[in-house]
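Construct all of the structure, not just a fragment, from the sequences and the given hints.
Note that the protein sequences, when read in sequence, are chains B and C. Okay, so the first sequence: first residue is 1 according to the working numbering, each after it adds one. Okay, so the second sequence: first residue is 178 according to the working numbering, each after it adds one.
Derived from the structure by calculation, the hints contain no laboratory data. Worth double-checking, as some hints may not be accurate.
One-sided excerpt, in silico: chain C residues whose CB lies under 7 Å from chain B [stated by the list, open to error]: (1) L214; (2) L266; (3) K287.
Below, a list of computed lysine-lysine pairs in the DSS-like style, where the Cα atoms sit at most 30 Å apart [claimed, not checked]: (4) C:K192 with B:K15; (5) C:K342 with C:K226; (6) C:K228 with B:K15; (7) C:K229 with B:K165; (8) C:K257 with B:K52; (9) C:K192 with B:K130; (10) B:K110 with C:K295; (11) B:K52 with C:K229; (12) C:K257 with C:K295; (13) B:K118 with C:K287; (14) C:K228 with B:K110; (15) B:K51 with C:K342; (16) B:K165 with C:K192; (17) B:K80 with C:K257; (18) B:K110 with C:K270; (19) C:K226 with B:K118.
Even glycine gets a Cβ: it sits at the ideal position worked out from N, Cα and C.
Number of protein chains: 2
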Amino acid sequence: MIFVTSNQHKFEEAKIIIPWLERYNMDLIEPQDSIELIAMYKAIYAYSKIKKPLIVEDTGLFLDALNGFPGEYSVWLYKKIGCKGILDLLKDKDNRNGVMRTVIAYIDDKGIRLFEGKLRVTISNYERGKGFGFDPILIPEGEQFTLAENPEFKFQYSHRAIAFKNLRRFLEDENRQ
Amino acid sequence: MIFVTSNQHKFEEAKIIIPWLERYNMDLIEPQDSIELIAMYKAIYAYSKIKKPLIVEDTGLFLDALNGFPGEYSVWLYKKIGCKGILDLLKDKDNRNGVMRTVIAYIDDKGIRLFEGKLRVTISNYERGKGFGFDPILIPEGEQFTLAENPEFKFQYSHRAIAFKNLRRFLEDENRQ
Numbered sequence: 001m002i003f004v005t006s007n008q009h010k011f012e013e014a015k016i017i018i019p020w021l022e023r024y025n026m027d028l029i030e031p032q033d034s035i036e037l038i039a040m041y042k043a044i045y046a047y048s049k050i051k052k053p054l055i056v057e058d059t060g061l062f063l064d065a066l067n068g069f070p071g072e073y074s075v076w077l078y079k080k081i082g083c084k085g086i087l088d089l090l091k092d093k094d095n096r097n098g099v100m101r102t103v104i105a106y107i108d109d110k111g112i113r114l115f116e117g118k119l120r121v122t123i124s125n126y127e128r129g130k131g132f133g134f135d136p137i138l139i140p141e142g143e144q145f146t147l148a149e150n151p152e153f154k155f156q157y158s159h160r161a162i163a164f165k166n167l168r169r170f171l172e173d174e175n176r177q
Numbered sequence: 178m179i180f181v182t183s184n185q186h187k188f189e190e191a192k193i194i195i196p197w198l199e200r201y202n203m204d205l206i207e208p209q210d211s212i213e214l215i216a217m218y219k220a221i222y223a224y225s226k227i228k229k230p231l232i233v234e235d236t237g238l239f240l241d242a243l244n245g246f247p248g249e250y251s252v253w254l255y256k257k258i259g260c261k262g263i264l265d266l267l268k269d270k271d272n273r274n275g276v277m278r279t280v281i282a283y284i285d286d287k288g289i290r291l292f293e294g295k296l297r298v299t300i301s302n303y304e305r306g307k308g309f310g311f312d313p314i315l316i317p318e319g320e321q322f323t324l325a326e327n328p329e330f331k332f333q334y335s336h337r338a339i340a341f342k343n344l345r346r347f348l349e350d351e352n353r354q
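Shown next as structure tokens:
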């Protein structure tokens with residue numbers, strides 16, 4: 001277990017209680033990083049304003065042929081160049097596979113819990129169906145239709161649906177509603 | 178349960194899975210707030226660099242007569258004006274009581290968990306004993322000596338000791354070391 005602190009005194013006190021602690025000396029400021037971390041940042045900011053248990057989520061499309069791009073930049077890319085941008089980027093690629101990932105951050109006075117949902121997808125050759133975000137070009141692995149063409153599938157089995165099901169199970173177990 | 182998002186689509190999808198969700202529309206940036214939130218921010222930043230389970234902590238002295246001051250500014254106040262600053266601030270106050278609070282943020286790939294320790298204290302009239310931080314002026318409620326004079330007490334029963342004991346119990350339960 002690592003204790004991050006620039007304060008040797010605090011570390012020594014802590015080590016009395018937890019002898020296997022290791023110190024990592026670092027001044028702490030702010031990052032730009034994975035969707036998990038972005039979700040956690042957003043959760044904390046929201047909680048600082050709202051002061052009640054809440055969740056936030058972050059979702060990204062991670063393409064195999066593009067080294068995981070656009071990933072945490074998916075929203076930004078979508079706003080600028082839309083589904084067409086993805087189709088253009090894959091124009092000369094054989095591998096059109098990737099994964100959609102949703103991370104939910106639940107925050108309350110005990111901290112933050114993350115819930116994830118993933119969906120393996122193939123990018124279609126053109127936009128099919130009207131839908132939100134990348135849905136018109138996302139074909140779930142083993143399926144024939146895009147998420148935009150098959151919303152029933154989407155609402156039950158997509159990356160976001162899975163993440164929220166995981167959260168729901170947690171809330172029910174803990175009797176939090 | 179509140180879902181913080183500026184995106185109506187995502188909210189509608191989420192609500193299919195968790196019907197009792199409520200939407201809170203907000204653009205998310207960064208706060209300056211309680212020691213819990215500071216601890217969570219620091220934890221996330223550290224985790225983004227280190228990528229291994231870790232903890233950070235934040236501690237504050239919250240004085241009854243000063244509306245909780247210096248609280249989350251305790252480190253900053255201590256660095257500038259030390260124990261003497263607190264003694265000066267309380268010079269004409271009858272109520273010299275307050276609470277020391279430590280919050281530990283534990284972060285791993287599941288999120289963040291907070292562990293707290295509190296100690297009710299009375300501020301002594303002058304510095305007694307050599308010690309770290311405010312220890313020379315902190316007399317635990319019902320005790321006679323300052324934490325600086327009585328380190329044995331401090332290491333077992335102080336705000337920080339309590340917080341780390343809570344963390345330890347968690348780590349042992351979960352078999353995390």
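Against the structure, the hints:
1. L214: At about 5 Å, which falls below the 7 Å cut-off, the nearest Cβ of chain B leaves the hint on C:L214 intact, so it holds.
2. L266: violated (23 Å)
3. K287: For C:K287, the interface hint holds, since the closest Cβ of chain B sits about 6 Å away, which is under 7 Å.
4. C:K192 with B:K15: violated (45 Å)
5. C:K342 with C:K226: Holds, at roughly 27 Å.
6. C:K228 with B:K15: Satisfied, since the Cα-Cα distance of roughly 22 Å is no more than 30 Å.
7. C:K229 with B:K165: Holds. C:K229 to B:K165 sits at ~27 Å (cutoff 30 Å).
8. C:K257 with B:K52: Given pair C:K257, B:K52 is violated - Cα atoms ~34 Å apart, limit 30 Å.
9. C:K192 with B:K130: holds (20 Å)
10. B:K110 with C:K295: Answer holds: B:K110 to C:K295 is near 15 Å, not above 30 Å.
11. B:K52 with C:K229: Between B:K52 and C:K229 the Cα gap is close to 28 Å, so the pair holds against 30 Å.
12. C:K257 with C:K295: holds (24 Å)
13. B:K118 with C:K287: holds (15 Å)
14. C:K228 with B:K110: holds (21 Å)
15. B:K51 with C:K342: Holds, at about 26 Å.
16. B:K165 with C:K192: Measuring from Cα to Cα gives roughly 11 Å; hence the hint holds.
17. B:K80 with C:K257: Between B:K80 and C:K257 the Cα gap is close to 48 Å, so the pair fails against 30 Å, i.e. violated.
18. B:K110 with C:K270: violated (35 Å)
19. C:K226 with B:K118: At roughly 24 Å apart (the allowed maximum being 30 Å), B:K118 and C:K226 satisfy the hint.
Of the hints listed earlier, those the structure fails to meet are numbers 2, 4, 8, 17 and 18, in rising order.
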